[in-house]
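**Student:** Sequence:
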Amino acid sequence: IDGLPVDFYKSFWSVLGEDLLAVLNESLAEGRLPLSYCRAVLTLLPKKGNMTDIKNWRPVSLLCTDYKLLSKSLANRLTE
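Residue numbering for the sequence shown follows our numbering, beginning at 1 and increasing consecutively.
Be a bit skeptical, because a hint or two may be false.
What follows is a list of derived Cβ distance ranges for each label pair [as the list claims (entries may be wrong)]:
1. S71 with D7: 15 to 23 angstroms
2. K55 with L16: 41 to 49 angstroms
3. K72 with M51: 31 to 39 angstroms
4. W13 with T52: 26 to 34 angstroms
5. S73 with K48: 30 to 38 angstroms
6. L74 with M51: 34 to 42 angstroms
Calculated from the structure, these hints are not laboratory results. The beta carbon of each residue, even a glycine, is placed where N, CA and C say it ideally should be.
Can you make the complete structure from the sequences, with help from the hints?
**Tutor:** Here is the structure:
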């Protein structure tokens with residue numbers, strides 16, 4: 001969606017990490033996520049078999065990396 005891969009966040013975390021955490025914490029406090037977090041790009045990945053049969057395709061949602069970071073951190077908190 002935003003075109004920023006995980007490696008971007010890893011490489012520039014020292015520069016953007018504090019600001020990103022501030023945005024995420026504010027979003028959680030307000031109970032509202034940025035609009036970009038509510039969007040996904042849907043695509044189909046082929047499975048084995050006849051490609052003309054819809055059953056042989058798997059839908060995948062592509063999401064923003066920062067949304068995935070938020071989801072993962074919340075999941076980790078809930079399982080602790």
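**Student:** Are the hints correct? Go through all of them and say.
**Tutor:** Hints, verified against the model:
The given range of 15 to 23 angstroms is respected by S71 and D7, whose C-beta atoms sit roughly 19 angstroms from each other. A beta carbon spacing of about 42 angstroms between K55 and L16 agrees with the range 41 to 49 angstroms that was offered as a hint. Checked against the hint of 31 to 39 angstroms, the C-beta distance between K72 and M51 comes to roughly 33 angstroms, which is consistent with it. In this structure the hint that W13 and T52 lie 26 to 34 angstroms apart at CB is violated, the actual value being about 45 angstroms.
Distance hint check: the CB atoms of S73 and K48 are about 35 angstroms apart, consistent with the given range 30 to 38 angstroms. For the pair L74 and M51, the supplied restraint of 34 to 42 angstroms holds, since their beta-carbon distance comes to about 37 angstroms.
Violation of the numbered hints given earlier is confined to hint 4; every other hint is satisfied by the structure.
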